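Undergrad: Residues per chain are reported as follows:
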Amino acid sequence: NAGVTQTPKFQVLKTGQSMTLQCAQDMNHNSMYWYRQDPGMGLRLIYYSASEGTTDKGEVPNGYNVSRLNKREFSLRLESAAPSQTSVYFCASSERQGGYEQYFGPGTRLTVT
Amino acid sequence: DQQVKQNSPSLSVQEGRISILNCDYTNSMFDYFLWYKKYPAEGPTFLISISSIKDKNEDGRFTVFLNKSAKHLSLHIVPSQPGDSAVYFCAAPRGRMTGGYQKVTFGIGTKLQVIP
Numbered sequence: 392n393a394g395v396t397q398t399p400k401f402q403v404l405k406t407g408q409s410m411t412l413q414c415a416q417d418m419n420h421n422s423m424y425w426y427r428q429d430p431g432m433g434l435r436l437i438y439y440s441a442s443e444g445t446t447d448k449g450e451v452p453n454g455y456n457v458s459r460l461n462k463r464e465f466s467l468r469l470e471s472a473a474p475s476q477t478s479v480y481f482c483a484s485s486e487r488q489g490g491y492e493q494y495f496g497p498g499t500r501l502t503v504t
Numbered sequence: 453d454q455q456v457k458q459n460s461p462s463l464s465v466q467e468g469r470i471s472i473l474n475c476d477y478t479n480s481m482f483d484y485f486l487w488y489k490k491y492p493a494e495g496p497t498f499l500i501s502i503s504s505i506k507d508k509n510e511d512g513r514f515t516v517f518l519n520k521s522a523k524h525l526s527l528h529i530v531p532s533q534p535g536d537s538a539v540y541f542c543a544a545p546r547g548r549m550t551g552g553y554q555k556v557t558f559g560i561g562t563k564l565q566v567i568p
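Each protein sequence line maps, in turn, to chains E and D.
Add 391 to the 1-based position in the first sequence for the numbering used here, that's all there is to it.
Add 452 to the 1-based position in the second sequence for the numbering used here, that's all there is to it.
Calculated from the structure, these hints are not laboratory results.
Source: prediction; values computed, not measured.
Virtual Cβ for every residue (Gly too), placed ideally from N, Cα, C.
Warning: the hint list may mix true and false statements.
As the list claims (entries may be wrong) - For the chain D half of the interface with chain E, some residues (derived, Cβ under 10 Å), not all of them: (1) V456; (2) Y484; (3) G512; (4) F514; (5) V530; (6) P531; (7) A543; (8) T557.
Unchecked claim - As a list, the in silico EDC-like pairs of lysine to aspartate or glutamate whose alpha-carbon atoms are at most 20 Å apart: (9) E:K400 with D:D483; (10) D:K523 with D:E494; (11) D:K506 with E:E464; (12) E:K448 with E:E464; (13) D:K457 with E:D429.
Assemble the whole structure, with the sequences as input and the hints as a guide.
TA: Below you can see the structure in the form of structure tokens.
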């Protein structure tokens, strides 16, 4: 039972390149989330998927797209990376929507040069 | 607009003593609070929560206290252990559930160091 897994762990991109961050959970959770964490700031929600087949914007969605591929998998895509997207990205899942406890992956450290 | 504030960026405590981590909030509509713990290079993990109908919740060495009139909550760790050294985030869901989601606001975290 791996919980929430994320790939890759580290990535360096040049400005303008694209990439997809992968996330999968094996807890049969309905809701999944993508956050970013920057120094001096709390976790900020980028996108979420309340249930399979639905996705919605969070606080900071600009520059990102998501796909809820199935109940297990939720990917985050950067179409044209910018230095402002240098951050640590966390995927999370929860059994119920919203404020109940969320289970986080180990994170992806992304640097955009 | 930081509705959940952790004003102490760091805290050092001797092993065996009490650690007290504080969190203030501004939105009186918050009715549920969570604490997460995060080690370096790992994702946050849920630690303990409290509903606004309670003023205390205890789980082993961890106790969360809620003072609604002061809009303040605190996490007590007794006794502190070196393995407790981590960043601690408080979080609160806010607003009505819309579209099947209730937004969660996280504080910026407090880094706890427990000195052996």
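Undergrad: Determine for every hint whether it applies to the structure shown.
TA: Structure-based check of all given hints:
no.	hint	result
1	V456	7 Å, holds
2	Y484	5 Å, holds
3	G512	16 Å, violated
4	F514	14 Å, violated
5	V530	22 Å, violated
6	P531	25 Å, violated
7	A543	8 Å, holds
8	T557	7 Å, holds
9	E:K400 with D:D483	35 Å, violated
10	D:K523 with D:E494	30 Å, violated
11	D:K506 with E:E464	36 Å, violated
12	E:K448 with E:E464	17 Å, holds
13	D:K457 with E:D429	16 Å, holds
In the structure shown, a violation is registered for the earlier hints numbered 3, 4, 5, 6, 9, 10 and 11, in ascending order.
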